[in-house]
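> Chain by chain, the residues:
4 protein chains.
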Amino acid sequence: MNNLSFPAGRALDFIALGRACVDLNANEIHRPMEDTVTFTKYVGGSPANIAIGMARLGMCTGFVGRVSDDQMGRFIVRYFERNGIDTSGMITDRPGSVTGLAFTEIKSKDDCSILMYRDHAADLNLEPRDVEESYIANAKALLISGTALAKSPSREAVFVALQYARKHGTVVLFDLDYRPYTWASSEETAVYYNLAAAQCDVIIGTREEFDQMESFERHTVKDDGYTAGKWFDHHARIVVIKHGKDGSFAFTKEGERIEGTTFPANVVKTFGAGDSYAAGFIHGLIQGWDIARSMEYGAAGASIVISNHSCSDAMPTLAQVEDYIALCRSGRFVSQS
Amino acid sequence: MNNLSFPAGRALDFIALGRACVDLNANEIHRPMEDTVTFTKYVGGSPANIAIGMARLGMCTGFVGRVSDDQMGRFIVRYFERNGIDTSGMITDRPGSVTGLAFTEIKSKDDCSILMYRDHAADLNLEPRDVEESYIANAKALLISGTALAKSPSREAVFVALQYARKHGTVVLFDLDYRPYTWASSEETAVYYNLAAAQCDVIIGTREEFDQMESFERHTVKDDGYTAGKWFDHHARIVVIKHGKDGSFAFTKEGERIEGTTFPANVVKTFGAGDSYAAGFIHGLIQGWDIARSMEYGAAGASIVISNHSCSDAMPTLAQVEDYIALCRSGRFVSQS
Amino acid sequence: MNNLSFPAGRALDFIALGRACVDLNANEIHRPMEDTVTFTKYVGGSPANIAIGMARLGMCTGFVGRVSDDQMGRFIVRYFERNGIDTSGMITDRPGSVTGLAFTEIKSKDDCSILMYRDHAADLNLEPRDVEESYIANAKALLISGTALAKSPSREAVFVALQYARKHGTVVLFDLDYRPYTWASSEETAVYYNLAAAQCDVIIGTREEFDQMESFERHTVKDDGYTAGKWFDHHARIVVIKHGKDGSFAFTKEGERIEGTTFPANVVKTFGAGDSYAAGFIHGLIQGWDIARSMEYGAAGASIVISNHSCSDAMPTLAQVEDYIALCRSGRFVSQS
Amino acid sequence: MNNLSFPAGRALDFIALGRACVDLNANEIHRPMEDTVTFTKYVGGSPANIAIGMARLGMCTGFVGRVSDDQMGRFIVRYFERNGIDTSGMITDRPGSVTGLAFTEIKSKDDCSILMYRDHAADLNLEPRDVEESYIANAKALLISGTALAKSPSREAVFVALQYARKHGTVVLFDLDYRPYTWASSEETAVYYNLAAAQCDVIIGTREEFDQMESFERHTVKDDGYTAGKWFDHHARIVVIKHGKDGSFAFTKEGERIEGTTFPANVVKTFGAGDSYAAGFIHGLIQGWDIARSMEYGAAGASIVISNHSCSDAMPTLAQVEDYIALCRSGRFVSQS
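Chains as they are written, first to last, in full-length UniProt numbering: chain A, 1 to 337; chain F, 1 to 337; chain X, 1 to 337; chain D, 1 to 337.
Don't take every hint at face value.
Where chains are identical, the list cannot tell them apart; a pair therefore holds if satisfied intra-copy or between any two copies.
Computed list of lysine-lysine pairs in BS3-like fashion (alpha-carbon distance at most 27 Å, straight line) [what the hints assert, rightly or not]:
#1 K230 with K107
#2 K151 with K253
#3 K253 with K107
#4 K222 with K167
#5 K245 with K167
#6 K253 with K167
#7 K151 with K245
#8 K109 with K253
#9 K167 with K107
#10 K151 with K109
#11 K109 with K230
#12 K245 with K107
#13 K151 with K107
#14 K109 with K167
#15 K167 with K230
#16 K222 with K107
It should be emphasised that the hints constitute simulated quantities derived from the structure, not laboratory data.
Just so it is clear, the structure is predicted and the values come from calculations on it, not from any experiment.
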C-alpha cells in the first residue's frame with residue numbers, strides 16, 4: 001500500500017507524454033565515435049522508454065506525442081504498436097520536422113556520451129489541441145517529462161495536460177529529465193519546472209535536477225528533506241531524489257524517508273537506467289505496492305537495462321525483473337568485471 | 001475596509017511591471033490616419049500608464065521594466081522621474097531593441113484604432129534576473145500586466161516576480177491587458193494567463209479577456225459568478241469583470257458582488273480608460289477603502305482620461321478625481337455631445 | 001550630350017525600386033529627441049524620395065516596391081499618386097509587416113541623426129515575382145537602391161530586375177545608399193554590392209560607400225580613379241563618387257573626370273541631400289544633357305532640400321531648380337548663418 | 001587537349017568548396033527504412049565525394065569548408081587526411097551546429113531515397129573570411145557546389161571564392177547539385193545559380209537543374225544548345241548537361257557538342273553516380289585530355305560507384321577506372337540482373 005489513490009475503472013493504466021525519438025547506438029563499443037563504423041537503430045527518448053517499460057511490465061499503456069512524417073516517425077509508431085502501446089493519442093507532425101536523434105558513444109562503462117540532433121524535432125511541436133481531455137480522463141496515471149517543457153508549443157501542451165489530469169483525478173508523475181541543450185537558459189528551466197512540479201503528485205529526479213529547479217533560491221543548503229518538503233505544500237505526495245551510485249531516497253507527504261536498494265550489474269553503458277527505474281517504480285505504485293517494494297523493482301529494472309546494448313529494447317518484463325531479483329538474492333549473480 | 005491586507009512598513013506602495021512604450025497620438029482627430037499629418041509623443045503602455053496614474057494619486061510608485069537604449073527609452077525614464085516614479089528597477093536594454101510604438105487613430109469617439117510597432121520591443125526583453133527579490137519585497141503591491149506574458153524572457157520574469165511576491169506577502173494585482181498581436185496563439189495565451197492568475201490576489205479584466213482565458217473549457221456559460229469563483233480556489237480575493245458601457249462588477253472571495261458606478265464624460269477617445277480605472281481602483285484598495293468607493297474613484301479617473309487627448313499625461317491627481325466626482329454629483333456637468 | 005543611350009519610345013522615363021517609408025521629423029529642432037514633442041509625417045526612403053524628385057522635375061515616373069497593408073502604406077501610395085507617380089508596380093504586402101519609420105533628430109545643422117524602425121519592414125518583402133519584366137522593359141531607366149539588397153527576398157528581386165533591365169536595354173542606375181543597420185555583416189554587403197554594381201550603367205555613392213565595397217581588397221589606396229575604373233570593365237559608363245563638403249566627381253568609361261559644382265544653402269538639416277542630388281543628376285542624363293550640367297542641377301536640388309524641413313516634400317520642380325541656380329549666380333543669395 | 005587552360009606551377013591541382021557531411025547507409029537493402037536496423041557511416045556530400053574521388057585519382061586535392069565541433073566533424077577531417085586531402089582550408093565551426101546527415105533508403109536499385117538532417121548544418125556556416133585568397137590562388141581548379149549557395153553566410157563565401165578564382169586565373173567548375181530542401185524558394189535558387197554560373201568556366205548539371213535556373217524565362221524550349229549557349233556569353237567554355245539514362249552531352253564555347261559514353265553496371269543504388277562522374281571528368285580536363293576521353297573516365301567512375309554500397313568509400317583509383325573500362329571493352333563484364 002502507498003499514499004496515492006489511483007482512480008479505478010479507467011481504460012488505460014498509464015500514459016506518457018513527450019518525446020519519442022531514435023537512438024543510434026554504436027555497435028563498436030569502447031572507442032570514440034570518430035572510430036565507430038556501424039550503428040543500430042532503437043526507439044529512444046525518456047518518456048518513450050518508460051512507456052515501453054510499462055507495457056513490458058503488463059500495464060495498459062498509451063502515449064501522447066508528435067512524430068515526424070517520415071520513415072523514422074513511422075518506425076517509432078510501429079515499434080510502439082508491436083509492444084502493445086495504444087497510439088491513438090499520437091499525431092504525425094506536418095512536414096518539415098524530424099525525429100530527434102541520439103548517437104551514443106560508449107568509450108567505457110563509465111564514459112558514455114550522446115551526440116544529439118534536436119533541431120526541429122517533431123516531439124516539441126506537440127500542441128495544446130493535440131491533448132485530448134477524454135484521453136487523459138481515461139487513464140489512472142500520466143507521466144510528463146521535463147524535456148517536453150523546453151519549447152513552445154510542447155510546453156503549453158504539458159500545462160494543458162496537467163490541467164486535465166488535475167481536473168479528472170489522474171495521478172501525475174513528473175520525471176524531471178533535464179537536458180540542457182534544448183533550453184534557452186537555466187532560469188527558463190527553473191521557472192517552468194517549478195510551475196509544473198506544483199501540479200504533480202509524484203516528482204522523480206536526480207539531486208542535480210532538483211538543484212537546477214532551486215536556482216532562484218540563494219544560499220540553498222541542497223538538503224533533500226528541504227527540497228522534497230516544499231512540494232508537499234502543493235500537490236505532491238511522493239518525491240524521489242536520486243544520488244547516482246549513492247542510491248535514491250523517496251520522501252512522502254506523511255514524513256517518511258525511504259532509502260532505495262540497488263542491485264549489481266555487468267554494466268555495458270549507463271544510458272537508460274533512469275527510465276527503467278521509473279517504469280519499475282511507477283508500475284509498483286499503480287499496483288498499490290508500498291514504496292520500498294516499488295523502488296526495489298525499479299532498481300532491478302535499471303540494472304537489467306544497463307547490462308544491455310539498448311535502452312528501449314532491453315526493458316524487462318515482470319518475470320525478468322523478478323528473476324533478476326531472485327538471482328541477485330540467491331548470491332548466484334556473477335560479476336564480469 | 002476591504003478584504004486585502006497590504007503589508008505595512010514598505011518603502012513603496014506600488015510597483016508596476018511590464019511595458020513602457022510611446023504613444024504617438026494624431027493631433028488631427030476625427031479622420032483616418034492616412035490623412036493625419038502631425039503626432040504628439042506621450043509615454044504609453046498599460047502598466048506605465050497605471051504607474052503614472054498611481055504616482056499622480058500620491059502613491060510611492062516604482063516600475064520594473066526594460067527600455068530601449070535610445071532617445072525613446074530615455075524619454076520614458078525621464079518622464080517617469082519627473083512624475084516621481086522610482087526608476088531604480090528599470091533596465092536599459094542592450095542595443096538592437098526599440099521602444100514599442102502605438103500610433104493612435106481617432107476617427108470618432110466610437111471608432112478608435114491603434115497601429116502598433118512591437119517587433120523587438122525592449123519591454124519583452126525583461127529577464128528573470130532583472131527582477132530583484134528585495135525590490136518586490138519592499139512594496140505593498142505589485143501589478144503585472146498580461147502583455148508581459150506574451151513572450152520569453154519577459155514571460156519568465158513575470159513568473160519570477162509572482163514567486164517573490166507570494167513569498168513576501170506583496171499583494172499581486174493582475175491587469176489582464178490582452179493584446180492579440182504579440183501572442184503566438186490563443187491557446188498559448190490561455191495557458192499562461194491561467195498559470196499567472198492562479199497566483200494573484202486581485203484579477204481585473206474585461207469579459208472578453210476572461211473568455212479568452214476559458215478557451216479550453218468547452219460549453220462555458222460565460223457567467224461572471226462562475227468565472228470569478230474559480231479563482232477563489234486559488235489565491236484570489238477580488239475579481240473585477242468589466243462589461244464596457246454596461247458597467248463593471250467586482251466579486252469577492254467572501255461572496256459579494258459589487259456593481260460599479262459610472263460617470264459622464266465628453267469623450268475624445270476611448271484609449272486609457274482601463275488604465276485610469278485601474279489606478280483609481282487600486283489606489284483605493286491600498287488606502288483600505290471599501291471596494292465600492294475604490295471602484296467609484298476608478299470610474300471617475302476613467303472619465304477624466306477619455307475626455308483628454310493623451311492617456312498618460314491626462315492621469316488625474318486625487319484632487320482632480322474628487323473634483324470630478326463632486327462636479328458630476330452636483331448636476332453641473334455639461335455634456336458637449 | 002552624355003555617354004549613355006536611353007532607349008526611345010518607352011512609356012516611363014524612370015522607375016525606382018526599393019523602399020518607400022515614413023519619416024517622422026521632429027517639429028522642435030535643435031534639441032535632442034528626448035525633448036521633442038511633436039512630429040510631422042512625410043514619405044521617406046531614398047528611392048521614394050528620388051522618385052518624387054523625378055516626378056517633380058517632370059519625368060514620367062514609376063515605382064516598384066511593397067508597402068504595408070495599413071494606414072502608413074496607404075499614405076505612401078496616395079502621396080505617390082498625388083505626385084503623379086505610376087503605382088501600378090506597387091504591391092500591398094500581406095499583414096504582419098510594417099512601414100519602416102525614420103524619426104529624425106536635428107540637434108544642429110551639423111548634428112543630425114535618425115532613429116530607425118526597420119524590423120519586418122514591408123519594403124524588404126519585395127519578391128522576385130513582384131517585378132514585372134514588361135514594366136522594366138517599358139522604362140528608359142531603372143534606379144536600384146543598395147538598401148533593397150540588404151535582405152531576402154528583396155535582394156533577389158533586385159537581381160531579377162537587373163536581369164530584365166540588361167535584357168531590354170533599360171539603363172540601370174545604382175544609388176549605393178548603404179545603411180548598416182539592415183545588414184548582417186559588412187562582408188555580406190560587399191559581396192552583393194559588387195555583384196549588383198557589375199551589372200549597372202551608372203553607379204553613384206559616397207567615398208565611404210565605395211570603401212565598403214572594397215573591403216575584400218586589402219591595401220587599397222582608396223583612389224577614386226582606381227575605384228571607378230574597375231567598373232568600366234563591366235557595364236558601367238559613369239561612376240560618381242561623392243566626398244561630402246569636398247564635392248563630387250564623375251568618372252566616365254571614356255576617361256573623363258568631371259568635378260561637380262556646389263551651391264550655397266541655409267542648411268536646416270543634411271538629410272535628403274543625396275536623394276535630391278540623384279534626382280537632379282539623373283533627370284539631366286535622361287534629358288541627354290552633358291554630365292557637368294546634370295551634376296549642377298543635382299547640386300542645386302540638394303541645396304534646396306537641405307534648406308527645408310522635409311526631404312520628399314521639399315523636392316523641387318525644374319523651375320525651382322533653375323530659379324535657385326539663377327539666384328546663386330546673381331550673387332543675391334543671402335546666407336542666414 | 002581541351003579548351004581550358006589550367007595555370008601551371010600551383011601547389012594544388014584541385015580544391016572543392018562546400019559541404020562535407022555524413023551518409024548513414026542502411027545495411028539491410030531492398031526494404032523501406034522503417035524496417036532497416038543497422039547503418040554504416042561514411043563521409044558524404046557532393047563536394048566531399050568529388051574531392052575524395054579526385055584524391056583517389058591522384059590529384060593534389062584540398063577542401064574549403066566548415067565541419068561541426070564534434071565526433072562527426074572530426075571523423076570527416078580524419079577521413080580526408082587518410083585519403084591525402086589537404087585540410088588546411090577547413091574550419092571547425094563554433095559549437096551549436098551539427099554535421100549534416102543523409103540516411104539512405106535503398107528499396108530497389110531504381111527506388112532510392114534520402115532522409116536528410118540539414119538544420120544548423122556546419123557546412124552552411126562557412127563565412128567569407130574563411131576563404132583564403134592565397135589558397136584559391138594556389139590551385140589549378142576550384143569546384144563549387146550549388147548547395148553551398150543555399151544559405152548565408154555560405155552563399156557569400158562562394159561568391160568571394162569565385163572572385164578570388166577569377167582574379168587569379170583558377171579554373172572554376174560549377175557542379176549544380178540542386179537540393180530543394182535547403183532553399184527558401186525556387187526563385188531564390190534561380191537568382192543565385194545564375195549569378196554564380198556567369199562566373200564559371202565549366203558548368204555541370206542535369207537537364208532538370210538547368211531548367212530550375214531558367215525558371216524566370218517563360219516559354220523556354222528546354223533546348224540543350226540554347227541553355228549551354230547562354231553561358232558562353234559569360235565566362236563558360238564547357239557546359240555539360242546530363243539526361244540520366246539518356247546520356248550526357250558536353251557543349252563547348254567553340255560550338256562542339258560531344259555525346260558521352262556509358263558503361264554497364266550491377267547497380268546497387270544510384271547515389272553517388274554524379275559525384276564520381278564529376279571526379280573522373282574533371283581529372284581528365286586537368287590532365288589536358290580531350291573532352292570525350294574525360295567524359296569516358298567520368299562515366300566509368302560512375303558505374304563503379306553505383307555498383308557499391310557507399311559513395312565516398314567506393315571512389316575508384318585511376319587503375320580501377322582503367323581496369324573497368326578495359327573489362328567492359330573486353331566484353332567480359334557480367335551483368336547480375
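> If any of the earlier hints don't hold here, list their numbers in rising order.
Hints 1, 2, 3, 5, 7, 8, 9, 10, 11, 13, 14 and 16 are the ones this structure does not satisfy, whereas the remaining hints hold.
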